[in-house]
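Protein chains in written order, with this note's numbering: chain A, 477 to 797; chain B, 799 to 1080.
Treat the hints loosely; a few may be bogus.
These stretches of chain A come out as covered by chain B in the derived footprint (C-beta under 8 Å, 3 or more residues) [to be verified]:
#: 1; segment: 565-575
#: 2; segment: 726-735
Covered stretches of chain B (chain A as the covering partner; in silico rule of three or more C-beta atoms under 8 Å from a C-beta of chain A) [as the list claims (entries may be wrong)]:
#: 3; segment: 884-898
#: 4; segment: 901-912
#: 5; segment: 1048-1059
If you are wondering where the hints come from, they were derived from the structure by calculation, not from laboratory data.
Don't be surprised by glycine CBs; every beta carbon is placed ideally from N, CA and C.
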Amino acid sequence: MSDLLEPPGREETTPVPTYYERPLLKMPHWDSWNVVTYLFLGGVMGGLGVIGVLTNPKRESDRKLKRTLAVTSLVLAAANPAVLVTHLGRPERFLHMLRIVKIKSPMSMGVWGLVLYSGAASMNVMRALALHGVLPRWMRFLAPSFFAPVQALFGAFIMGYTGVLISATANPLWSSGKRHIPVAFVCSSMSSACALSSLLSTLEGNTEVTHKLERLEMLASTAELLALMSFERHAGKYGKALFSGAPGVRLRTYTTRNGILFPLALNLLGAIVPLPKPVDAVRTVIASVFTLVGGYLLRDTVVRAGRVSVQDPSVAFVQPQ
Amino acid sequence: MATGFFTDTTLCIGCKACEVACKQWNELPSDGFTFTGDSYDNTSELSGTTWRHVAFIEQMSVDEGGLHDRWLMSSDVCKHCTNAGCMEACPTGAIIRNEFEAVFIQPDVCNGCGYCVTSCPFGVVDLIEKFDPNGLHYNLASLNEARLDEDKTALQGHGGVAGKCTLCYDRQKIGFEPACAKACPTESIQFGDVDVLRERARKRVETLTGRGVSGAQLYGVDDVGGGVGPLHAFFLLTDRPETYNLPAQPVLPSTRQPAGYGSAALAALGLAIAGWMIFRRA
Ligand code: SF4
Ligand code: SF4
Ligand code: SF4
Chain A
477 MSDLLEPPGR
487 EETTPVPTYY
497 ERPLLKMPHW
507 DSWNVVTYLF
517 LGGVMGGLGV
527 IGVLTNPKRE
537 SDRKLKRTLA
547 VTSLVLAAAN
557 PAVLVTHLGR
567 PERFLHMLRI
577 VKIKSPMSMG
587 VWGLVLYSGA
597 ASMNVMRALA
607 LHGVLPRWMR
617 FLAPSFFAPV
627 QALFGAFIMG
637 YTGVLISATA
647 NPLWSSGKRH
657 IPVAFVCSSM
667 SSACALSSLL
677 STLEGNTEVT
687 HKLERLEMLA
697 STAELLALMS
707 FERHAGKYGK
717 ALFSGAPGVR
727 LRTYTTRNGI
737 LFPLALNLLG
747 AIVPLPKPVD
757 AVRTVIASVF
767 TLVGGYLLRD
777 TVVRAGRVSV
787 QDPSVAFVQP
797 Q
Chain B
799 MATGFFTDTT
809 LCIGCKACEV
819 ACKQWNELPS
829 DGFTFTGDSY
839 DNTSELSGTT
849 WRHVAFIEQM
859 SVDEGGLHDR
869 WLMSSDVCKH
879 CTNAGCMEAC
889 PTGAIIRNEF
899 EAVFIQPDVC
909 NGCGYCVTSC
919 PFGVVDLIEK
929 FDPNGLHYNL
939 ASLNEARLDE
949 DKTALQGHGG
959 VAGKCTLCYD
969 RQKIGFEPAC
979 AKACPTESIQ
989 FGDVDVLRER
999 ARKRVETLTG
1009 RGVSGAQLYG
1019 VDDVGGGVGP
1029 LHAFFLLTDR
1039 PETYNLPAQP
1049 VLPSTRQPAG
1059 YGSAALAALG
1069 LAIAGWMIFR
1079 RA
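Input sequences plus hints: build the corresponding full structure.
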């Protein structure tokens, strides 16, 4: 009888190891442009706040940079909730998140970080305008200088929380990077913020600050590269969804090569070789654009790879600690 | 009182009465018909609109002793975890623990962000996307009738809301047992006080082991580990949890936050110090 039931060419039918190889976990719904843009802009904006407080008030070029940063960060802070709303569907849905403060939810903490950051950023713009005489001068007393460190503090928080937001989930890939993803996002946010600042400063003709910004950018993107390399080694089979196949190629091409190594080389060149001003400006613009695109695509690739990861039944049943 | 389910899979006959009863009571839309070829399971998984799912596992092996075959059936549901990943993650406070200690999503508060979806270690909750209020029977109003008014509900717009088992909050409120348990003809789904059910589950697994049923084990009666704690909907299985699409070692996502925030803070501090030296010393 057993002979009859044996399928031809197979010794025996063994039990399926998992349930029809079906994914255990649900797909994340975050691979659309608006979520990725939200994550990216949040990081950049946070970085701008941090750079703002680093500038030296005794130097005119730094003061000019600080003003640019104040205005840019406020513009981004205003744009970001709008980007999120396009994902949530309707504006009042954003307000649902302001019903409560929840320490345990990185998304709740992040939204509050964003709101408080925007408040501090408005104060700093008001101060800059008052000092500049655009607004009545007495208004600077409404916005004392301590709002700059306040903005920087919330800025530092929003540079990092997006990494915590995605890695403190059940997604096998993201959760295996509980330390690496937040570090990579912080570093990438800082390098993108530096790139945006040096881009804007170059366009404004404030070239005195660009080399300082580029030095910080080089440090940040080197740290980002190290964090990604360490993530790959550490994640093992959980990292397959990001580091192998098409996402791996994408990460290595657009983030590692074009977004980190290429601008790094250009910035290094700028730091070592004294180039004529117009050439140097072009160099800065190119390096900045590549860094920014690389930073955006880092988020995009990591978020998309999360969808690949849940389809792999071999990593879902024993979840990373 | 904490209520919950003891799902004794050894009693399940795969009739799917629970699936149908849940759909009907909660007015959940059809998911369409797909013929999967996976035994009698054409539902495949729990989803935003499927809150009970019956799994069918055909096992067959041949050795010297002859043919061994089993047909395992199991009705899966939201676990109503003691420490619920979905609830901790929800930024709107839409997910609450109600007076029956069940994990309940208030659909009019949910903003469709999808964070709960990635934060459930059991892959239970999902978004119901592109809600069309004029569509046929696409109506979750029974969950929260008092708070649904014309245009202001979260349901009535695009973006969707999260959906999962409510432990029949509305039925429990009026003293009814959940529709799925009520419909189950074999008492495979047992509803009641979780403490009583846990005792019953422990006795049952002893009885079965005594009778020589191989692989009889409990899932979720005690702490499942990873910070999730015991479940309010637990199971008696006769094979490894993976066989039924249940995680062997689930982890509560929020346990990873200290490591994440800590390393992010260190990285930010390092970069800030470096930046300070670059700008202030130069
Ligand atoms: S099983 Fe998932 S959806 Fe259900 S309570 Fe637990 S975490 Fe939430
Ligand atoms: S989708 Fe709704 S229930 Fe889920 S986390 Fe977001 S707001 Fe909360
Ligand atoms: S308790 Fe109610 S909502 Fe939950 S699975 Fe059963 S019938 Fe569906």
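Against the structure, the hints:
1. 565-575: holds (count 7)
2. 726-735: With 0 residues in contact (Cβ-Cβ under 8 Å with chain B), the coverage given for the segment 726-735 of chain A is violated.
3. 884-898: That given contact holds, which follows from 7 residues of the segment 884-898 of chain B lying within Cβ reach (below 8 Å) of chain A.
4. 901-912: Our answer is that it holds, as 6 residues pass the Cβ test (under 8 Å) against chain A, meeting three.
5. 1048-1059: This one holds; 10 residues, not fewer than the three required, reach chain A with a Cβ under 8 Å.
Hint compliance for this structure: hint 2 is the single one not met.
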